[in-house]
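> Top line first, the protein sequences correspond to chains W and R.
The numbering used here applies: residue 1 is where the first sequence begins, and numbers increase by one.
The numbering used here applies: residue 1 is where the second sequence begins, and numbers increase by one.
These are calculated hints, taken from the structure and not from any lab test.
Keep in mind that the hints are not guaranteed to be accurate.
If you want the ones that stay clear, here's a sample from chain W, every Cβ over 12 Å from chain R, calculated [as the list claims (entries may be wrong)]: (1) Lys3; (2) Leu40; (3) Asp125; (4) Asp151; (5) Ala455; (6) Leu457.
Quick list of simulated restraints, FRET-style, between CB atoms [to be verified]: (7) W:Arg280 with R:Asp271: 31 to 39 Å; (8) W:Glu494 with R:Asp314: 22 to 30 Å; (9) R:Pro28 with W:Glu348: 51 to 59 Å.
Note that the Cβ used here is the ideal one computed from N, Cα and C, for glycine as well.
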Amino acid sequence: MGKIWRISGPVVIAEDMRGSQVFEVVEIGNEGLVGEIIGLEGDRAVIQAHEDTQGLKAGDEVKGTGGILSAELGPGIIGAIYDGLQKSLTDLMAGGNEFLARGIKSYALPRDKKWHFTPTVKVGDTVGGGSIIGTVPETGLIEHRIMVPPDKGGVVKAISEGDYTVEDIVARLEKDGEVQELTMMQKWPIKKPRPYSKRQPTERLLVTGMRIMDYMFPLALGGKAAIPGGFGTGKTVTLQQLVRWSQTHLNIYVGCGERGNEMADALYSFKELTDPKTGRSLEEKEIFIANTSNMPVVAREASIFLGITMAEYFRDMGYDVLLVADSTSRWAEAMREIGGRLEEMPGEEGFPAYMGSRLASFYERAGQVECLGSPHRMGSVTVTGAVSPPGGDFSEPVTQNTLRIVDAVYALDAQLANQRHFPAISWLTSYSLYADSVAECWNDIVPGWSETRTAALKMLQLEAELEEIVRLVGPEALPEKDKLLLLVSKMLREDFLMQNAYHEIDTYTTPERAQLVVQTIMKFNDLAQKALADGGNVAEFRASPVVRKISRIKDIPNETVEQSIKELWAEMEISLVAQKGGVA
Amino acid sequence: MKSAPLYVREGRAINEAKGSLLVAKGIPGVQYNEMVDVRLASGEIRRGQAIDVSEDVIVVQVFGGVSELDLEDSAVRYKGDTLRLPVSIDILGRTFNGIGGPIDGGPPVVADEFLDVNGSPMNPASRIPPAEFIETGVSAIDGLNALVRGQKLPIFSASGLPHNQLTAQILRQASVKGAEGKFVIIFAAIGISYNDADFFMGNLEETGAMARTVAFINTASDPVIERISTPKLALTAAEYLAWNHGMHTLVVLTDMTNYCEALRELSAMRDEIPSRRGYPGYMYTDLAMTYERAGRLLGKEGSVTIMPILTMPDDDITHPIPDLTGYITEGQIVISRELERKGMYPPINVFLSLSRMIKEGIGEGKTREDHNNVFMQLYAAYAEGCYLREISTIIGAEALSDRDKMYLTIADRFEAEFISQGEVRRTVEETLDIGWKLFAALPKEELKLIKEEFIEKYLPSAD
Ligand SMILES: Nc1ncnc2c1ncn2[C@@H]1O[C@H](COP(=O)(O)OP(=O)(O)OP(=O)(O)O)[C@@H](O)[C@H]1O
Ligand SMILES: [Mg+2]
C-alpha cells in the first residue's frame, strides 16, 4: 500500500496512504515494525512507530492493518508478561529471544492451547452485551468468565461444553435474523474505556497489608491514588507490595519506562510467594506489562492503556482489580518526546498541552461499577500510579496534574528514605479522601478504628510541632509530658508506621493485627501518663524492657501474635507504674 | 573473518550547511541513523550520521561541524550501516579510542563479529535478578550499600573530590567470590583529562589488571561526538564478553557528566526543544539505553555490572544529570564535600547513598547471616547520632542526656572507624565486626533492630 517518505526518530511519514484512518495500526518496512497513524494530510500519513526506526529507508513499504491498537482479551492472559504492545515476552523467551530485536512478533494469547469451557447459559436464553455465557478455570485463583462482547447479543442458538482454543467458536447468537459467532477471545481498542451499566460509590476498603496505607490513609476499591517521590524513595517497592498483598481478585503491574532488573525481581518473587488467604502462588492472579526504559519509547504510551483495558475486562467479569503503573512520569515523557518530534506547540516544561487530559483519561477509568449484562454483578478497578518528579520537586507539571485527578496521595519523603525509614510515606503530607467513605467498612473489621486512628494522627502532628521546639532548646529542657509524647510518637513511627517489605512477617499486616499494635502503643501511653502523674519519669520508661518488646512485635508470627500481645499488656500493667523513686 | 563494508552510496548534491547540520539531496536507500563520512574539498574526512531521512532530502549531523565545508566540492558517503565494533576475545588487554580504533600501537582486532554498538534491549522475561555479592573492600559500600553482579551503581561526586582515588581503589580490590578467573574490567574514559586517564591506565597496569581489561579512551581533547559512542562501545564489549564468553564484567564509565554535556551540545545543534536546564527531553531514555545493558540472563554464565562515575555540577544532586541517573540506576554512592573537609577518606555520605540490590546480595551464604540486621542498626544509630549532633550545635552537647551523648559518640566513631578506612582493603567480615564493636558501646536494649540470637553470637563484651 503506502511507502515511507520521511523518517525522523519515532515519527515516520508515509505517502500513498489514502483510505487509512487515524489511529489505524500499520506495519512499517521489511521487518513490519508496529506503528500507529496519528494524523492524515491528503495522501500522507503521520505515523508514530512503536519500535526503533533505525535503519528504515525512504521508499520502504508501509502496510495498513485496517484495525486500531487493540488488546486481545481471553484465557491465557493471567500470569503472562507482555510488552507495551502485548507481545508475549515469555513466548519470545521460549523462542530463544533473550534480546528483543525489532519487528519480532508473538501472539498475546496462545493460539494452540485448549481451555475447558463450561456454559452458564443454554440454548434459547437471551443474552445481552457483557453477559456471562460460560467459564474457564484459568488458574487456581481465577475463573475466567467468558462474556458476550459489549456490542453483541441475542438469543443463544448453540453452545456446548468442551475444550476449545481461543479462536474456536463456542457459541452462536442470533439477533434480527443475523447470526453472531462467539469465540473466547475479544479484541478491544485500548484507548477506549469499556462500557458498564452504572458507576457505584467507592465504599469498600482495599486491604493492602501496608499499615500506613490501610490504617492511616485507606484506599477504597475502585479508587485512584498516586505515589509521588524522588528517586530511591520507595515508589516501586510500595507498588510491588500492593500487587503482592492487596486483597483483590487480580492485579496488574505495568512497568512503564522503568528498570529491567526490578521487573525480574518482581517476576521471580511472585513465583515464590503465596497468597495469604488461599496459599496459592501469586502468579495465578497477576498480569505483568514490562516496557522497560530501554524499550521503545512510544510503546510506553500504549503500555498504560493496555493495562487499564485488561483491568476493565476483568472488572466486567465481576472482579476487583488493582492496577499499578510505574511510572506515569515516563509515560508523560513519552508524550513529550513524540510531541517534540511532531513539532507541536509545547506547554509547560515541554509537555504537550493535552498531557493533563490524557492523565485524567487514564485515572478516570478507575471506579466501582455495576457490570453490563447478566447476571447482575459488581466489579472494580483501583488505580495507583507512581510519579517521578524531576529533582523530587512536586511543583512540576506531571505531579501537579496528577494531584488534581487522584483522591489519595502517598507522598514520599526523601529525608525519611535517607534515614531508611520505610515506607517513606509522609504521615504529615499524605492524605486519602476515602478515609470517610471506608470508615464503616473499617469499623466493622475492628471496632474503634476511627478513634484510634485520629488519636494516633494527632499525636504525630503534635510531635512535628514539638520537634521545632526541641531543635531550639534540646529534648532535656522539655517537661516530662512532652518527653513522653516524643517517646510514644517515636514508637508509633518506628514500631508501627515503619514496615520492612523484605521481612517475612512484617511485609503484610492484617487490619486486626494493625489495630492490636496501635492499641499496645496507646496503652503504653496511657499507663505511662498515669505513672508520670504518680512521679515516674520518661528516661526510666524508655529503659523498660517492654519498649524493646513492643519494637519486636514485628517478629511474632501471626498465629501467636494476639496471645503475645495480651501477655505484653499484662506485663505493661505491672511494670509501667511509678514506684517510690522510679519504675519497677 | 568478515570485513566491514566501506561505502555503499555517495552523494554530491549538498543544498545547505549550517552549524553541524548539512542538508543533502535525497538518495534512495539511505537508512535512518546510518553512519556517514563527509569528504571536504581538502580531502579531510569528517564523520556524521543521517538524522532525518526523506525522499527529497537527507539531514546529516556532521561531527566536528561544517566549517570549511563548501557546497560544491564536498561529498557525502553513506556507509550503509550504523556504528559497529569489531570484537573477538583478543580485545582483552587492548585500548581503543571513542570509535573503536586501537590506540595502543597494536594491530587492528581480527573480528569474529561486528556488533551494532547500540545493542538490543534485553527481554525482561529472560533476566534473572542480580544476587551475587561483589566485594569492593570498602566498608561503606560492602557493609551498607553492597554492589552485586548485574547491578548498575554509580558514584555521584563533584569536582575536586576523590572519586578517581576511590574508583581506582575499587578496581584494585574488587573480587567476585568463586569466579575470580572470569572477572574482567571494561574501562571507558569519557572526556576526562589526559592526566586522569593516565592515572587510571597506570593504576591498571601497576596492579597487573591490564591483561583482563579492555579500555576505551576519549580524553577532553578528543572529538566531543565520540563521547557519545564511547560508553556504547564499552557496553558492547562488555556484553560480548559476558554473553559470549561467560565473563563477569565490571564496566567503569567516567565521567558521565561529560557524556551528558555532549548530548546537550548535539541537541542544541539540532535545534531541538530543550527540557530542564537545556538538556534534551530524551536524556532519560538515552541514559537508560546505556545503563539498562547491565544485568544477568537466564541460562548464561556471565554478567554486566556498571559503575558510572559522574560529577554533580554545583554539588547539586537535583541537577538533571545526577537526578536522571538516580532514576535509572539501582542506587548511588554519594561522595560528600563536607566529609572530605573533615579529612575522611573515603568521604561517602551513607544517607544519600543507596544500593537497591543489597537485600539480594547479602546474608547467609553470601556475606554473613547478621549482615542485614547490622546494616539496619548501623543506619538507625548513625541517624540518631547525626540528629542529636545537629541539635547539640545549638544547645550544646552538655545539655543532652547521657543516652543522647552516647549516640553522639557513636556517630563520631562510626565516621572515624567504619567509614574512614583509608586505602586499606577490608573483607566484609571485618566490616561487620567493626559494626559490632560500635554496638558494644550501646546498652543492649538499644539494639532494637537486631535479632536476639545474633546479639548473643556476635556482640563483643563491652570493655
Ligand atoms: N517498604 C520498604 N521496606 C524496605 N525497604 C524499602 C521499602 N521501600 C523502599 N525501600 C528501600 O528503598 C529502595 C528504593 O526504593 P524504590 O526502588 O521503590 O524507589 P523508587 O521510588 O521506585 O525509585 P525510582 O524512582 O528511582 O525508581 C529499595 O531498594 C529499598 O532498599
Ligand atoms: Mg522505581
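> Hints first: check each against the structure and report whether it holds.
Each hint, compared with the structure:
Listed as a non-interface residue, W:Lys3 fails to keep its Cβ farther than 12 Å from every Cβ of chain R; the least gap is roughly 9 Å. Consistency note on W:Leu40: stated as away from chain R, and its beta-carbon is indeed over 12 Å from all of that chain's, at 18 Å minimum. Against the 12 Å criterion, W:Asp125 stays outside the reach of chain R, whose nearest CB is about 41 Å from its own CB. Interface exclusion of W:Asp151 from chain R stands, the closest Cβ pair being 34 Å apart, more than 12 Å.
The Cβ of W:Ala455 sits about 24 Å from the closest Cβ of chain R, beyond the 12 Å cut-off, so the non-interface label holds. W:Leu457, annotated as away from the interface, keeps every beta carbon of chain R farther than 12 Å; the closest lies near 23 Å. Under the hint 31 to 39 Å, the C-beta atoms of W:Arg280 and R:Asp271, about 57 Å apart, miss the expected range. At roughly 35 Å, the beta carbons of W:Glu494 and R:Asp314 sit outside the given window of 22 to 30 Å.
Remark: the range hint 51 to 59 Å for R:Pro28 to W:Glu348 is contradicted by a beta-carbon distance near 42 Å.
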